[in-house]
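Each chain, written out:
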Amino acid sequence: MDWSGAITNGIISALGPVAIAYAVSAIGLNLQFGFTGLLNFGHVAFMMVGAYGTAATVEAGGSLWLGIGVGILAAVVLGLLLGLPTLRLRADYLAITTIAAAETLRLLVRSPVTRSVTGGVFGIQGFAEEFHALNPFGASTGYAIGPLVVSGRRLFVMIVGWTVVLILALIVRRLVKSPWGRLLKAIREDEDATRSLGKNVFVAKLQALALGGALASVGGVLLAIEQQNVSPDSFLPQVTFIIYVVVILGGAGTIWGPMLGAVIFQFFFYFVDSVMRQAQANVSWVGAILDSAGAAQIRFVLVGLGLMALLVFRPQGMLGSRREALVDG
Amino acid sequence: MADGAAALTGVAPRPGVAKPDPILVVEGVTRSFGGLQAVDVSHLEVQRNTVTALIGPNGAGKTTLFNLLTGFDQADSGSWSLNGGPIVGIPAYQVARRGMVRTFQLTRALPRLTVLDNVVLADPHNPGESLWRALIGGWRRGEEEATVKAKALLERFGLEHMADEYAGSLSGGQRKLLELARAMMVEPELIMLDEPMAGINPALTQQLLTHITGLRDEGKTVIFVEHDMDVVQEISDWVVVLAEGQVIAEGTPSSIAGNPDVIEAYLGAHRGKAVEDE
Amino acid sequence: MPGTVRIRAFALIALFSGLILQALPAVAQEQAIGGTLSQRAEEGEDPVPVEGVVITVTQDGNEVGSATTDAEGNWTVPVPAPGDYDVALDASTLPPGVTLSDPERSELTDINVRPGQTRRVIFQLGGGGAGGTSTWDRVASLVVVGLKLGAIIALSSVGLSLIFGVTGLVNFSHAELVTLGAFIAYVFHAGGPRWPLVVAALPAVLFGVTFGWGQEKVLWGPLRRRGMGVLTMMVVSIGLGFALRFLILAFFGGLPRAYPDFASQGAVAFLGFSVVPKHVVAIVAALVILGGVGLFLERTLAGTALRAVRDNPDLAESSGIAVDRVVALTWALGAGLAAIGGVFFGVTESVQWSMGFDLLLLMFAAVVLGGLGTAYGAMLGGFVVGISVEMSTLFFPNELKNAVGLVLLIIMLIWRPQGLLGVRERIG
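Residue numbers (the working numbering), protein chains in the order written: chain A, 1 to 329; chain B, 330 to 607; chain C, 608 to 1035.
FYI, nobody ran anything at the bench for these hints, they're computed from the structure. As the structure is a prediction and not an experimental result, all values here were calculated from the model. Backbone N, C-alpha and C define an ideal beta-carbon position, used for all residues, glycine too. Keep in mind that the hints are not guaranteed to be accurate.
Computed footprint of chain B on chain A; a stretch qualifies when at least three of its residues, placed anywhere within it, have a C-beta under 8 Å from a C-beta of chain B [what the hints assert, rightly or not]:
| id | segment |
| --- | --- |
| 1 | 74-83 |
| 2 | 180-189 |
| 3 | 192-199 |
Looking at chain A on its own, in the form it has when it is part of the complex (with noise of 0.2 Å):
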């Protein structure tokens, strides 16, 4: 078996654009989940509003930058429209608004119905033009370090993300740490308590979710221009709970978790696929009950258990305080 090759597909993933709208993602949910204990289960859908927003209002005569704006903004407005007929409620109406939400909005994204403004099923392509021509690497130009090799216009997609996504850890850690972010972590704790301290937790709660959702839709954006393209089968239900695994993992309510478990977590998740390919392909037994489709799966059956056994046996994650994480409600 190809061990050092598995090793290298996982750091390059690692590293790569996906991580970066991972991080970013991640994030705005742990904004949301980790500090105040919102239940956002239709993270996507912000990343896909983000995304679209962009490449929509190219597609119409725009330029990228107004696009990003409009992709941010209209994120924002969708944390609102989520928020306000739920926020007021049990957390776990959340839930379940959002998630139904998500995959709805995707299904509209891809009808005919909407197919003027969305592309449909095919999606839109090459509306990042404006962003590319910035690259002063030269797109076709080879960097390798190492085993490692990337093309220039992967390299400046990677120093661009990952500089955004340093600014918004940034940005979330002068919030969290003000009083406002007292305030979220009070309403995580008890709701009521914080209520009945004549704290307007309904508004703090709608500004975290909308907050949340204008991170995520910057990694939707970040992954939009980097490929060049979006379709509504990039945002599946299953990238949320990615964003989980990935939030849980690196420690929810800390402020450099989600960067970190979206560069783990990414790794991890390319090793295991390789690792699963040669082992269809070349391990009797493995080939013998699996297809090499199948095998592709298995990954996503590990982000599953790997999100209950975090939360079963390590909730606090990677950079989490064990001792907050003993402390009993």
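Once you have looked at the hints, place chains B and C on chain A.
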């Protein structure tokens, strides 16, 4: 005895009686759950600057009445006012801001916040709680002022040595004290305590009682739910008895002790059907 | 077919590999699959277009799109890339008297589409005179279809609601209990034993009951006793659902399967409107089972205990009810019902890895509509949602019908969050 309590001498001990200087006036409040009439209070006034005890058998509707008055539940009908201003249908957080703060029967410490943060959070004036100010800055002074105020309260309630611990690591009695400190941080006029003595060890009871009468002595009004009649006799200026949602008696502690309606309500409830716990 | 495998991998990992997507041409060429559905009543006569028939295009089990034939019988489904697709005609949407000439050919597999091509596909129709379908006929048959969907939702979501009622957990893996039920029945019906479906449904239900009971014993009960919060448990449940869903996909593949005995049953005329027999059977059977659930809850000791725990667990416990046993019973009952729901769903639609998840939105809409925690609420909500969803196709495109569930859900949350049959909860 505080001024408000002194003014109660001469007020007739009958349900719904008018008080000389009421801070809270309740009129015709009802709330039912399914077929069960949980609260049906036709008239109730609470005298300013007193410790008023709210007693009654399990299921009498005490907690439900608290929930209704503080905006945590919605009444089917009725009106009530604080300092003459109606506060019906106002969200819970605004009720607190208008000066009526409640605690919960089961303590609601915010476990993964430090004790100090629990109290600082309750400050009603902290500018940094606006998202915008949190982003652009300029909230440090307000935070420092709130911290000074919070530390003074922690000292008053004997929790200063725990300031940097997580609230989740406090004992039951310490949590009760924390809730008192937190409630005081909101700068209320009226504090509603739902069973403040429940589940704490006897050694702490006396300390807690002293704190409660201390609140009255500095001009606050306290309403508290309690089961222990000794406690009620010791610290309250006025007692309101609730049974099956209705005010069946009120008066000074001594006048309540021998009231046959009250005895009947307690014994009746104990003899009769099992009543749903609140 | 290595080509198919590659394309499938592409569809599934599109998001996860920027590299593959970069290889795409900057502007995709447009291709589609389409056709004109018509029927020739007799030799030599002009063909009569057939309207309102649903045709679905899939690729390796993932739906690419669907279309409903218009007044001229035309339909088109755009497809994202050249490649092989499967095209299925939903025989239950054919007007009465119209049948497929060859019932085995309701699904045409491996239709190859070249770049930029609009591939024409022909379904041969036979049977008697089609005649025109009046709006009334369509309404009537949509009511039947709606009742059928409602019955499936009701069966599947009673457990979701009751489990919430007794434990406070909204179980997001409930969807997979539906899917597993459908698959277990499929294995015994279409696989080795080749049992009739009614018999094959028994192991499915047995599995559901055991799996639900086992989950409570091995997973949820211990987590509750460790003091895990209910919100964290919801995230655990979504992890479990996710793992199960992809496990089913890994071992059964993505192709939708039909129970052979019911593969392409057409509509028949009944009292003047068109119904599909298996739909009627599903409705009647579901009503009988739901009635049984009602009797169980009202008339048996166990049912009474279940309601007592739901209404007030502490009081129930202090009255000597073994709460843990009641909770386990609720899991067993709820999961068993979900498995039956899955079998019915498989009979009337198809057996597919994502079927439960697709139904989840409608189940949520149903339980919120009826009142989270109540059994009768879930039943009522199920039928309301089922009928609303199907009736919406009179006004909106077929693809948007599930959005009706979301709209109902949100209206309900604004208007009456405790649901039609729920009671406002007590605080404190």
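Against the structure, the hints come out as follows:
Coverage of a stretch by a chain is defined here by at least three residues with a beta carbon nearer than 8 Å to that chain's beta carbons; for the segment 74-83 of chain A and chain B the count is 0, and the condition is violated. With 8 residues having a Cβ less than 8 Å from any Cβ of chain B, the segment 180-189 of chain A passes the three-residue criterion, so the hint holds. As drawn, the segment 192-199 of chain A meets chain B at 8 residues by the rule of a beta-carbon pair under 8 Å; at three or more, the given contact holds.
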